[in-house]
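K.L.:
Since chain A is already given, all that's left is putting chain B on it; use the hints.
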Amino acid sequence: MTRGMIYKAMFIVAILVFAVLLILPTVGERELSVVFEKDATAEQMADLEKHLTNIGLVVTKTENGITAGGYGINDAVMNEVKIIPGVGDVKIIPHWAERSLLAKKMNLGLDLQGGMNLVMRADFESIERRQEKELSDSEKMDITQQALELLRNRIDKFGVSEPSIRPRGSEAIEIQLPGVKDPLSVKKAIGTTGRVEYRLVDDEYTRLAGQWLGANIHRFKDGRIPESAEEQYPILAEAAKAIGLPAKDELLFFYERAENTKKILPSYPIALEKEVALAGNDISKAWVGHDEYGRLSVHFTTTPDGASKFAAVTATNNHGRKLAIIIDEKVRSAPQINVQITTGQALIQGDFTLDEVNTLARIIKEGALPVNLIVIEERTVGPSLGQDAIGAGIKAMVLAFAAVSIFMISYFKLAGLIASIGLLINIVCQLALLSWLGFTLTLPGIAGFILTLGMAVDANVLVYERMREEQRSGKSPRIAVANGFDKAFWAIVDSNVTTLLAAFVLSQFGTGPIKGFAVTLSIGLISSLFVILYITRYVYELILLSKNLKKLSV
Amino acid sequence: MERVIDFLKYKWITIGLSTAAIILFSVTTYTRGGFTWGIDFIGGVKLTVQFAGTMNPSDIRRELESHNIKADVQQYGREEQNEFIISSKLLERGESSEKSAEILKEALGKTFAGIKILATETVGPAVGDFLRKSAVKLMLIAIVLMGVYLAFRFELKYSVGVMIAVVHDVIIAFLFCGYIGLEINVPIVAAILTIFGYSVNDTIVIFDRVRENLNIHAKSAFKQILNISITQTLSRTFITSITTFFCVLALYLIGEGTISDFALVMLVGLVAGIYSTIYIASPVVLLWHRARGNE
Chain A
39 MTRGMIYKAM
49 FIVAILVFAV
59 LLILPTVGER
69 ELSVVFEKDA
79 TAEQMADLEK
89 HLTNIGLVVT
99 KTENGITAGG
109 YGINDAVMNE
119 VKIIPGVGDV
129 KIIPHWAERS
139 LLAKKMNLGL
149 DLQGGMNLVM
159 RADFESIERR
169 QEKELSDSEK
179 MDITQQALEL
189 LRNRIDKFGV
199 SEPSIRPRGS
209 EAIEIQLPGV
219 KDPLSVKKAI
229 GTTGRVEYRL
239 VDDEYTRLAG
249 QWLGANIHRF
259 KDGRIPESAE
269 EQYPILAEAA
279 KAIGLPAKDE
289 LLFFYERAEN
299 TKKILPSYPI
309 ALEKEVALAG
319 NDISKAWVGH
329 DEYGRLSVHF
339 TTTPDGASKF
349 AAVTATNNHG
359 RKLAIIIDEK
369 VRSAPQINVQ
379 ITTGQALIQG
389 DFTLDEVNTL
399 ARIIKEGALP
409 VNLIVIEERT
419 VGPSLGQDAI
429 GAGIKAMVLA
439 FAAVSIFMIS
449 YFKLAGLIAS
459 IGLLINIVCQ
469 LALLSWLGFT
479 LTLPGIAGFI
489 LTLGMAVDAN
499 VLVYERMREE
509 QRSGKSPRIA
519 VANGFDKAFW
529 AIVDSNVTTL
539 LAAFVLSQFG
549 TGPIKGFAVT
559 LSIGLISSLF
569 VILYITRYVY
579 ELILLSKNLK
589 KLSV
Chain B
160 MERVIDFLKY
170 KWITIGLSTA
180 AIILFSVTTY
190 TRGGFTWGID
200 FIGGVKLTVQ
210 FAGTMNPSDI
220 RRELESHNIK
230 ADVQQYGREE
240 QNEFIISSKL
250 LERGESSEKS
260 AEILKEALGK
270 TFAGIKILAT
280 ETVGPAVGDF
290 LRKSAVKLML
300 IAIVLMGVYL
310 AFRFELKYSV
320 GVMIAVVHDV
330 IIAFLFCGYI
340 GLEINVPIVA
350 AILTIFGYSV
360 NDTIVIFDRV
370 RENLNIHAKS
380 AFKQILNISI
390 TQTLSRTFIT
400 SITTFFCVLA
410 LYLIGEGTIS
420 DFALVMLVGL
430 VAGIYSTIYI
440 ASPVVLLWHR
450 ARGNE
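For the record, the sequence lines run as chains A and B. Using my numbering, read the first sequence as starting at 39 and increasing by one per residue. Using my numbering, read the second sequence as starting at 160 and increasing by one per residue.
Chain A extracted, bound-state conformation (with noise of 0.2 Å):
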């Protein structure tokens, strides 16, 4: 055995036992942290603990709550778990290989899991306080088409994979997330709109709102801003006719961080022209980075429209006048105009957190949704087909797997068995790829991959009919397998190239099951053809080591 020899042994048993820690996440035993309420009763933890012991589960008690560990735990036990009476907050423990080698679990899709059912309509009136106007069925039905459209690329970008979004009578929507971990902020990245506005501050007005508002203050309750747009409202109204706001201004709320809760509070009204200078749809380019102070802020390029309306607002007769960034309706900052850009590149800036910025930079480039949504009804759903789909779903992968490996080795004897061994490398190799993208498996998805399983011994079939080509026109051994491999070689990659080529021209389908489909073709490709031209090959160089070898057994 030469030395380039044990470094490949040692890189793909690497490569495997990097392949099963990366499967881990989702097969493993995981841990299930419960936080009793303060006031639980022991009967209600005594509950708890049979209902957590009869799902197979070991607990162990905790200070003041109990862990769960065992197999199985997925969102959907966690959810069960959560509405038990003196259930406070539950959580499931990342497994170690995730915090440690980025490893993401694998997520069952709405079919197999579950999730949650959120049924939205867009906030018509919010649209006709601002227009002014009634907004017509047919405009209310363009509406929410549109937001539709929009949705569905935005919650894919958000990384819940195979949601189901359909309209639902002719102004809701209905989408079904499965198995979500965190819906209030699902909740909450779905529902804004994302309109970034430029527009120029009143300094007069601004004042003179400042100091009604401090008369007035004392009228509201707690003697603070209200912090719903409704509410605000006719407080806005107020004061724009107290302080005989002229028509072509608006008075909106500027925004300010709390220092304790660092929620983002209503802290003072200021008047802003009601005209636009600069709007979201101006902007072309949108990425995260930090401002001159170092904050983290929202840097963009406009479109070449966009650069001349830039311009145009800070130029010189400008100077000295603030201008307002207004994000979903909320001012987040007002810097003072000191220069002119007429570039078309500046930036966003604020107080704003990591989370912020992430979601404001993908939604300017996602594009604003036309309007607020408001969520009108969210419940759970449960599985389309259930527990035993998985369970026929893994049947009848073992059921293909053996009767593959059966018919591959009576046909090609040694061979084949090599190639049952490579199929069960594949299938690791695939599910560990699919596990570090987080992917979510729907039946079509199982289905598809077990399809693959046939599919995948094709490039051994192609190298070992050559083998026996070769060895029956009388070629030695040695020669057999080179030829084998050189021959099949180009056949094999044209093959996968042509159809990763399709895979990769059907992933850039902006959503749901055919994007998970190629994904899953593309892995599964990619997948074999390193088992194959890799690991058999060399399975076939240390076979070659034996002195006596007088014929492939093919």
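One or more hints might be untrue.
With a cut-off of at most 25 Å between alpha-carbon atoms, the simulated SDA-like pairs for lysine to any residue come out as follows [unchecked claim]: (1) LYS275(B) / ARG237(B); (2) LYS292(B) / GLN184(A); (3) LYS88(A) / GLY236(B); (4) LYS525(A) / ILE433(B); (5) LYS296(B) / PHE542(A); (6) LYS229(B) / ILE343(B).
Derived by calculation from the structure, the hints in this document are not laboratory data.
P.N.:
Just chain B now, kept in the frame of chain A:
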């Protein structure tokens, strides 16, 4: 040299056979009133139903299937509420959702006592017009890109042969769904895409042999070289088809509902794939070759 089977002798018969199958499938699909699109594509009706006791969603689904109704059943809310969402496409063409709801209720009422329909709603398609159009567009882009790659790696005539074979298989599989009135939902589309990949693989393997044999048998007629290549790769074609067939069979036997449909369409595609490689792709290359005045 071993025995060479003259596959291309029957090229006109086989091209005719394919054409006949496409015409037969199209006509049957047409007389049936077009393809049967599922709820994913045309939307349908959604019922929220409360049952009297604890139910398993699979049991409800199977019960409906025995009444020839294909529906998705999901538990809604907590288990003890016994509420389920049952969604199905409109059961009768052009009927209102209320009518479909009635049919569903009647079918359920036969077996399950004391069911209550809490809500009836129409739902739109999960795959909207926009998505459908972009899917078709992307599929065309994929075919063209593949064609360009193959034209670069092989020659234009082979690339055309592969593309025609692929399109042939996809059309056959798709029309087959219309022929037997299979409901087309997203998994079926996935099956058709798999056929796409499989069919290309198969064809390229043969053409790779042709490319090689053109040097070895430089003096033979092109038709003879095609025949030699098909014969040489025949055992590989069968072995890969058999292993894939095993997998499809496993899916067909164990899976139910959607997955058996998926497997059935795959099976048709598998057969079409083998057939088209030998009897469509190769004749196309030969005819193209001859049309350019070669022999």
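K.L.:
Work down the list of hints and note, for each, if the structure agrees.
P.N.:
Results for each hint:
Under the criterion of a C-alpha separation no larger than 25 Å, the hint pairing LYS275(B) with ARG237(B) is consistent with the structure, at around 17 Å. A C-alpha spacing of about 16 Å is found between LYS292(B) and GLN184(A), which places the hinted pair at or below 25 Å, so the restraint holds. Under the criterion of a C-alpha separation no larger than 25 Å, the hint pairing LYS88(A) with GLY236(B) is consistent with the structure, at around 23 Å. A distance of roughly 22 Å separates the Cα atoms of LYS525(A) and ILE433(B); the hinted pair therefore holds under the 25 Å criterion.
For the hint pairing LYS296(B) with PHE542(A), the CA-to-CA distance comes to about 14 Å; that is within 25 Å, so the pair holds. The hinted pair formed by LYS229(B) and ILE343(B) meets the criterion: a straight-line CA distance of about 12 Å does not exceed 25 Å.
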